Amino acid sequence: MALEALALGAAKGAVPTLLATLGAVVGQRAGVLNLGLEGVVYLSAAVAAALGPPWGYIAALVVGTAYNLLYYYLSNDMALNQILLGFAFTMAAYGIGSQLAQPAVGKPFEKPPITGLEAFAAATALAVAIHIMLRTRLGLAIKASGDDPASLDLIGVDVYRVRKIAGVIEGVLASAAGAYLVLAYYGSWTESLVMGWGTLAVITAMIALWNPVAAIGASLVPSIFITLSYALQSYLQASPHLLNTVPYLVSIAVLVAVQLATRKTRGKTPAPRWLAKPYIREER
Amino acid sequence: MRLVQRPSPSPLSYLYAAAGSLATSIAVVFAFTGDPEKSLQALSTVDPWLVARIFVIVGIIAAASLLSYRSGLWNIGQEGQAVVGALAAVASQNPAEALAAATAAAAAWALAPALLRAFAEVNEAVTTFLLSLAAVSVARYFVEGPLRDPGMRGFIATYEAPALSIAAAAAIFAAVLAGIAALYRTRLGLSLRLLASGEEVVKYAGRSPRVYILLALLLSGAVSGIGGAVEIMTREAGRYMTLQQVSTGFGLYGISAAWLGALHPIGSAAASLYIAWLYQVAINLKILGLPAQVANALVGTAMAWGLAGYVLHRYRVVWR
Amino acid sequence: MPQQAEPALRAVGITKFFPGVVALDGVDFEVNKGEVHSLLGENGAGKSTLISILYGVYAPDRGEIYLRGRRTTIHSPRHAAKLGISLISQHFALVDSLTVEENLRLAGIDVEKAEKIAEQLGVEIDMRRYVAELTVGQRQRLEIVKSLARESDVLLMDEPTALLSPREVKSLLAVVRRLAEMGKAVVFVTHKIREAVEVSDRITVLRRGKKIATYERPFDEDVLLAAMFETSVKRRVHKAGRAASEVIYRAEGLRGSRVREATIELRRGEVAAVLGVAGNGQEELMELLAGFKKPTGGRIFLDGQELTGRPFAEFLKKGVAYIPEDRWRALAKELSVLDNFKIRCVKNCVEALQEAKKELDIDFPSPSVRVAALSGGNQQKVILAREVWLRKPYVLIASHPTRGLDVETSEKFYALVRSAVSGGAVVSLEDVEEAVEKADRIYVMSRGRIAASFEPPFDIGEIAEAMTQ
Numbered sequence: 001m002a003l004e005a006l007a008l009g010a011a012k013g014a015v016p017t018l019l020a021t022l023g024a025v026v027g028q029r030a031g032v033l034n035l036g037l038e039g040v041v042y043l044s045a046a047v048a049a050a051l052g053p054p055w056g057y058i059a060a061l062v063v064g065t066a067y068n069l070l071y072y073y074l075s076n077d078m079a080l081n082q083i084l085l086g087f088a089f090t091m092a093a094y095g096i097g098s099q100l101a102q103p104a105v106g107k108p109f110e111k112p113p114i115t116g117l118e119a120f121a122a123a124t125a126l127a128v129a130i131h132i133m134l135r136t137r138l139g140l141a142i143k144a145s146g147d148d149p150a151s152l153d154l155i156g157v158d159v160y161r162v163r164k165i166a167g168v169i170e171g172v173l174a175s176a177a178g179a180y181l182v183l184a185y186y187g188s189w190t191e192s193l194v195m196g197w198g199t200l201a202v203i204t205a206m207i208a209l210w211n212p213v214a215a216i217g218a219s220l221v222p223s224i225f226i227t228l229s230y231a232l233q234s235y236l237q238a239s240p241h242l243l244n245t246v247p248y249l250v251s252i253a254v255l256v257a258v259q260l261a262t263r264k265t266r267g268k269t270p271a272p273r274w275l276a277k278p279y280i281r282e283e284r
Numbered sequence: 001m002r003l004v005q006r007p008s009p010s011p012l013s014y015l016y017a018a019a020g021s022l023a024t025s026i027a028v029v030f031a032f033t034g035d036p037e038k039s040l041q042a043l044s045t046v047d048p049w050l051v052a053r054i055f056v057i058v059g060i061i062a063a064a065s066l067l068s069y070r071s072g073l074w075n076i077g078q079e080g081q082a083v084v085g086a087l088a089a090v091a092s093q094n095p096a097e098a099l100a101a102a103t104a105a106a107a108a109w110a111l112a113p114a115l116l117r118a119f120a121e122v123n124e125a126v127t128t129f130l131l132s133l134a135a136v137s138v139a140r141y142f143v144e145g146p147l148r149d150p151g152m153r154g155f156i157a158t159y160e161a162p163a164l165s166i167a168a169a170a171a172i173f174a175a176v177l178a179g180i181a182a183l184y185r186t187r188l189g190l191s192l193r194l195l196a197s198g199e200e201v202v203k204y205a206g207r208s209p210r211v212y213i214l215l216a217l218l219l220s221g222a223v224s225g226i227g228g229a230v231e232i233m234t235r236e237a238g239r240y241m242t243l244q245q246v247s248t249g250f251g252l253y254g255i256s257a258a259w260l261g262a263l264h265p266i267g268s269a270a271a272s273l274y275i276a277w278l279y280q281v282a283i284n285l286k287i288l289g290l291p292a293q294v295a296n297a298l299v300g301t302a303m304a305w306g307l308a309g310y311v312l313h314r315y316r317v318v319w320r
Numbered sequence: 001m002p003q004q005a006e007p008a009l010r011a012v013g014i015t016k017f018f019p020g021v022v023a024l025d026g027v028d029f030e031v032n033k034g035e036v037h038s039l040l041g042e043n044g045a046g047k048s049t050l051i052s053i054l055y056g057v058y059a060p061d062r063g064e065i066y067l068r069g070r071r072t073t074i075h076s077p078r079h080a081a082k083l084g085i086s087l088i089s090q091h092f093a094l095v096d097s098l099t100v101e102e103n104l105r106l107a108g109i110d111v112e113k114a115e116k117i118a119e120q121l122g123v124e125i126d127m128r129r130y131v132a133e134l135t136v137g138q139r140q141r142l143e144i145v146k147s148l149a150r151e152s153d154v155l156l157m158d159e160p161t162a163l164l165s166p167r168e169v170k171s172l173l174a175v176v177r178r179l180a181e182m183g184k185a186v187v188f189v190t191h192k193i194r195e196a197v198e199v200s201d202r203i204t205v206l207r208r209g210k211k212i213a214t215y216e217r218p219f220d221e222d223v224l225l226a227a228m229f230e231t232s233v234k235r236r237v238h239k240a241g242r243a244a245s246e247v248i249y250r251a252e253g254l255r256g257s258r259v260r261e262a263t264i265e266l267r268r269g270e271v272a273a274v275l276g277v278a279g280n281g282q283e284e285l286m287e288l289l290a291g292f293k294k295p296t297g298g299r300i301f302l303d304g305q306e307l308t309g310r311p312f313a314e315f316l317k318k319g320v321a322y323i324p325e326d327r328w329r330a331l332a333k334e335l336s337v338l339d340n341f342k343i344r345c346v347k348n349c350v351e352a353l354q355e356a357k358k359e360l361d362i363d364f365p366s367p368s369v370r371v372a373a374l375s376g377g378n379q380q381k382v383i384l385a386r387e388v389w390l391r392k393p394y395v396l397i398a399s400h401p402t403r404g405l406d407v408e409t410s411e412k413f414y415a416l417v418r419s420a421v422s423g424g425a426v427v428s429l430e431d432v433e434e435a436v437e438k439a440d441r442i443y444v445m446s447r448g449r450i451a452a453s454f455e456p457p458f459d460i461g462e463i464a465e466a467m468t469q
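Chains G, P and S supply the protein sequences, listed in that same order. UniProt numbering applies: residue 1 is where the first sequence begins, and numbers increase by one. UniProt numbering applies: residue 1 is where the second sequence begins, and numbers increase by one. UniProt numbering applies: residue 1 is where the third sequence begins, and numbers increase by one.
Hint data in this document are derived by calculation from the structure and do not stem from the laboratory. Since the structure is predicted, the reported quantities are computational estimates derived from the model, not experimental observations. Mixed in with the good hints, there may be bad ones.
Distance windows between CB atoms, simulated [claimed, not checked]:
no.	chain 1	residue 1	chain 2	residue 2	range
1	S	311	P	318	44 to 52 Å
2	S	222	P	210	52 to 60 Å
3	G	271	S	115	26 to 34 Å
4	P	108	S	311	41 to 49 Å
5	P	200	S	75	32 to 40 Å
C-beta: ideal position from N, C-alpha, C; glycine also.
Using the sequences and the hints given, assemble the complete structure.
As structure tokens, then:
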């Protein structure tokens, strides 16, 4: 019985992680290590909280995607440092988002009547859809943009445009994660409630080795431990604050394990070779 | 639109970046207040002591940041490292002990990402950032548990950190800057800077890249810790941590100053002064009853401008 | 060739600045339908830059481009492709991590059509193989098929013969002629006079970013030579034939990921050359010989002392110097010329650098300028100055040390090696003639093995034959 509740909880909690992870998979495949994803999740969640259902969903998607697209424009077309710009975008989103959603603090929303399993099944279908998308011409271009943008450019495909398309896909998925977190998972908003989810997705995308189907499994990693730490809180005397750090530490540990395991198959690792490096056409 | 390499780098780019940031900040302030008089008030009211204190804190964390970035390593966990440094200061009896403990504790906090980067090639930006979030939780645990001051009765807070004067803090800041400038002139410093061009170059120079990755990240973490300790020790009152008041946001401020200052010790010090002024503007807005959270957004855009300055240093934008 | 009303592609007054250099200075160039027009010049003459501008990779700082008589701005490679221009460069427009079929789809090419064209050209293409597994020649043929399937009418070929075996060069030149007969306008970039003469209808010579002249058939090789080189630098032939001295360096049965078995001996005072078609393991062999990479098998001896598996720092201490093929392994992109010099220099570095600047004629405005801002040739000179002139190594292991250098500087390099290297040098080269002129011994590498070794007098035919075994 307890185990069943745990599984349901984990599935429900895995949905936002999976959505954001799929976004990160697409973005990182295109060669962009977007740490601003955290900010996109946060900002869209704040917008969703500020407006509430049903308009909150739509507004969250629009604002979050636009914010992500701006990041992609600055970090690719303008070649600003991907990592640091992502950090700036996250910090700015914390500031703007917490301000926007201030009035929503302490006001619960009516959650939509979906179970964790239903939501997780829908997200899984989306993962399969992304997997198929990666085999189309657009998907090939996204892969090439992360592996060898110079060749892609010479082929006659606009690298910057491909990356912006990837950025829109990533933005929609991450914003959906943000809206879901506030309106369907927690059903309420506090300033620090949705912090960390986006960054976890950046890691789970790496754990999944940039494969959308593997992302389904990877997204369960932090979720299981989040649910577990809530469940254990009542049994253990451990500080709730320390339990809060468990999902982060576990995710890092799993990433290290995956990275060390794939090291032996060096050369065949699917890591995008240009991840986090700017592509500048005239660079010699 | 495309980026075209300049025949020779343009040092003016950082001035443009600073001007761009200044213009953005003024525009945002004006947009929020909606009237010129209030705007002027928000922009011109300055408390010299406050600005001096923030300048020193931001400057130290900017120095910590450039120690990482000049080696091509992307530590963005200064915030967490500073929190750990502040905790260590709280646990100490006198200023000297506090600074030593903060340095050691923050370096230890940075050790895990450094080891993971050096030996398992795990991206240090992701790990340092996550550990920053974890640091806040860990600090709360200390506030409630081991470091809670029972003398505060119903109020949950830590012991008080030893006090440090702003003059002393400024001296520490100067020492950090001088130390970095001196370090970068040595062969050790050269190897640290080589790292920014890739691990292979360090190996080619006949040295071990791993050693320098560890060193750069540990130094960066340690100096962040000093920044955190100085922050809590120079407060006029309330030199303790509470559950709500753990992180202070100076990680972002320091990183922004480092980039606006061209990742140069003197430049980042100058930029820190500007960032400290932005902090003052945010406080002024708060006094006017306007959202103080705008500060994060302002500093975030300042950082984006700094990053743009770095690109425009070598490239010019051609629209066609 | 009857002159047509409008050239397929015409460039007027093209000028391009790079940090520290004027890469192109008011160059005019045109190519007609159905002709092969060669761009001839030595390294650093600006040929590749011009081609890159015609394909939209670089934006020109000044100048105009006319396509079929109409003034056109080429915004990007994508735009160039749309305008019917194809580029076949040394950097292939192929993504290694995708299969041949995926690459064709990515380029928006109908796979069946490509198969048909390949059949017509008599080229075999395996659609399911990953590009990473193809040889350089196969990639190049795939590129030609791609440009035909796209029905491009202007074909830009940037040093297409550079990485091919002598046999493959022959068949490529035949294909190029056929392309012109099909009515394509072909721009053929090369630094080899003989190839240009064999394949071209017209030849334009570039020197240091300036156009010297355009020549028509029949060509006079001496005139072309004089046009290519300002001061006629004669390549000096090193006279080998000193008495055999003792072996100072010996690598036995070395193995790595691409090197399968290599034994190399170096005698005192000797320059040994390693030749081979690109991608046969030479680059890795040099890494192993220099101790930069640890071999998976085999042994290395220096003066009878075993060094196998020792760290690179120890090789350095024993007087081994290494010049890698990738310049950015030896130079720190982000740092100044002086800081880069200090990687090996310990004291009086500013003075030493100034002296090296004079000695090797390195062109940089000040020691504090970023090394990435220098031209490729000057970057290479900085490496040579530091590793050979400054260090005076005992054993030099150099991978393509003269690539990107003009003839005068590469002459200087060999003179420097003879005077400054006290033990001996192993140099990997791509040009058979250069090896024959400069080396005392030649090793030929094929499929990861030392396939043959030669001593003077050298027979070029025999060596070329061994390279394609």
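Honestly, which of those hints from before does the structure not fit?
Violated hint (a single one): 4; every other hint is consistent with the structure.
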